[in-house]
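Assemble chain B onto chain A, guided by the hints.
There are 2 protein chains.
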Amino acid sequence: MDKIHVLGHKIPDTDATISSIVFTEYLKTKWVHAEAYKLWDLNNETRFVLDYAWINEPSTIKTLEPKSKIALVDHNEYTQAIDNLADLEIHYLVDHHKIWNLATNYPLFIRTEKLCSTSSIVYKMMREDWIIPSKEHATLIISAILSDSLHFRSSTTQQEDKFIVEELNLIASIPNIEEYALAMFQAKSDLWNITVEELIKIDYKEFDFNGKKAWIGSVETTNPNYSLNRKTEILEWMQKIKTTDNLDIILLSIVDILNEKNTTIVYWETEELIIKNVFWIDTVDNLADLWNRLSRKKDIIPQLTEYFSK
Amino acid sequence: MDKIHVLGHKIPDTDATISSIVFTEYLKTKWVHAEAYKLWDLNNETRFVLDYAWINEPSTIKTLEPKSKIALVDHNEYTQAIDNLADLEIHYLVDHHKIWNLATNYPLFIRTEKLCSTSSIVYKMMREDWIIPSKEHATLIISAILSDSLHFRSSTTQQEDKFIVEELNLIASIPNIEEYALAMFQAKSDLWNITVEELIKIDYKEFDFNGKKAWIGSVETTNPNYSLNRKTEILEWMQKIKTTDNLDIILLSIVDILNEKNTTIVYWETEELIIKNVFWIDTVDNLADLWNRLSRKKDIIPQLTEYFSK
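Taken in order, these protein sequences are the chains called A and B.
The first sequence begins at 1 in my numbering and counts up by one.
The second sequence begins at 1001 in my numbering and counts up by one.
Watch out, some of these pointers could steer you wrong.
[To be verified] With the Cβ distance kept under 10 Å, some of the chain B side facing chain A (calculated, not the full set): (1) P1066; (2) H1097; (3) K1098; (4) N1101; (5) L1108; (6) L1170; (7) I1171; (8) Y1226; (9) W1280; (10) Q1303.
Because the hints were derived from the structure by calculation, they are not lab data.
Built from N, CA and C at the ideal position, the CB exists for glycine as well.
Just chain A, with the same shape it has in the complex (with noise of 0.2 Å):
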């Protein structure tokens, strides 16, 4: 059988990544031949799990040969996916994402659950069919559902995804989550040798908003004023990706993960309108103070949504 290329999405983090390396598994287990790939480059605290949890970087791909067998994990946007996605076959899809415009050929496998991370879905999966992680695959699932639910701050969270860490935890032995969690946030803020084009690239997805090209971006952080002191650089890389990617819309906000409070950086006149009329919230210099809007796929993505389906 054709191998089939599990991908996660274009900016990879660590749900992204840690799903791609476990379905792999769980379709091994099925006698599929799989295979995960990073579409991109891992942000600091993907590696960081990784070289905890002694699990290799998957390969970095950017194109596939036209009808490759692909499974798509995390995503099923076409914005955020493999740049040739059209000219292949979706196999599989497991996610927890809203559902963009999916449109199939054939009957395939999908699982979508409103869990706070895709790989606690792909846990699911192999508890029900009696499929035990090994130690490392543990470790790489616990550190996904801290890592997408901010160790259980965020909105999203579920109370499943906690019960799916302490029951992992039994296998994984991580010693102290709590420490544990911050040690990755604060990987994840380690940004002292990164460009401000690097920093507000960190972790953006583009959405297709009735038309509307929209670019937001999150900077997920334990220390939040290191990059609000650099508003200024971050407001012209705004403006020179808003030009060069014809985008109409770009925003980023800066997560601070331990205080939980969105400050959203905000380029233009536009999107202070937008911001006003959906969150009624008013920008002062360049700044909307979001409160504990945490969530992109929750709190931001939905609301922006239902506003442009208008």
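What follows is chain B alone, placed relative to chain A:
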């Protein structure tokens, strides 16, 4: 919690009806308030099966209040769904068909697999959660699999579907599956008291092929001649429906279950040309011999979708 309305497709068949009943039961075990509905009268096969299992018909609804919460089973295309789908909130989707431009503003529960019936998938979900179906529901699930797979004759049948029938018959104790399937198909073929209009509408689905509106009907029967002998009347009705429903394409397959043969009634030159281009088959006297293409889902629709996507 608001009630989840569990809905099959517009023209209910055995699998749509049974998967709505059994998925409702599944949701109830999760303490979700749920009720199954049908959107139209049941066919004779489905009635026979429900009678055999001593299960009542779901009640019929045509539309729901805006913002009502729903689960879709056995379909996902708006052309086949409840009329005011756009006003409703989809919370669950369980299906085994191709995915048609599905889009939501929010994450939801989706489970699709390439199994012969949606009921097979619902049963897998029950088994994964250690829910043992009652004798009545085991009988229903077996019936849905026999119906959708034409007792394993259809190319959509998977080994897994066969295992499920074996496993469930330990509970259902149907004395002879072969005879039971035959009785189901005979109930389905019991067409003497229905009008030609009812006959051609017994199991049809509408599709949107890249903007073309298509109506693809199917009469699965142990007595194909009964339908084929009424060809002249059927063609008159196809003409009528094509005009009133403003269709681009109309086709009606008469599927001989026992001899595994699909003879399709082709209304007009447009459709003749499509059949010629897609399947390389000539239409003679408005009849196209489509051989053993028994499954609309697998043997007809993907090919037409591909053709119209060019």
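message: Is the interface hint satisfied for K1098 (chain B)? The criterion is a beta-carbon contact with chain A at less than 10 Å.
response: For K1098 (chain B), the interface hint holds, since the closest Cβ of chain A sits about 5 Å away, which is under 10 Å.
- prompt: Would the hint on H1097 (chain B) stand, with a C-beta cut-off of 10 Å toward chain A?
  reply: holds (6 Å)
- prompt: At a threshold of 10 Å, is the proposed contact between I1171 (chain B) and chain A supported by beta-carbon distances?
  reply: Violated, about 20 Å.
query: Going by Cβ atoms only, is Q1303 (chain B) closer than 10 Å to chain A?
result: With Cβ-Cβ at 9 Å, under 10 Å, it holds.
- prompt: Hey, does the N1101 (chain B) contact hint survive, CB to chain A under 10 Å?
  reply: With a minimum Cβ separation of about 5 Å from chain A (threshold 10 Å), the hint on N1101 (chain B) holds.
field: Cut-off 10 Å, beta-carbon criterion: hint that P1066 (chain B) touches chain A
entry: violated (15 Å)
task: With a cut-off of 10 Å on the beta carbons, see whether W1280 (chain B) makes it to chain A.
output: This hint is violated: W1280 (chain B) lies away from chain A, its Cβ roughly 19 Å from the closest one there, beyond 10 Å.
message: Take the shortest C-beta to C-beta distance between L1170 (chain B) and chain A; is it under 10 Å?
response: violated (20 Å)
query: Taking the closest Cβ pair, is L1108 (chain B) under 10 Å from chain A?
result: holds (7 Å)
- prompt: Hint check: is the beta carbon of Y1226 (chain B) less than 10 Å from a beta carbon of chain A?
  reply: violated (31 Å)
Of the numbered hints listed earlier, those contradicted by the structure are 1, 6, 7, 8 and 9.
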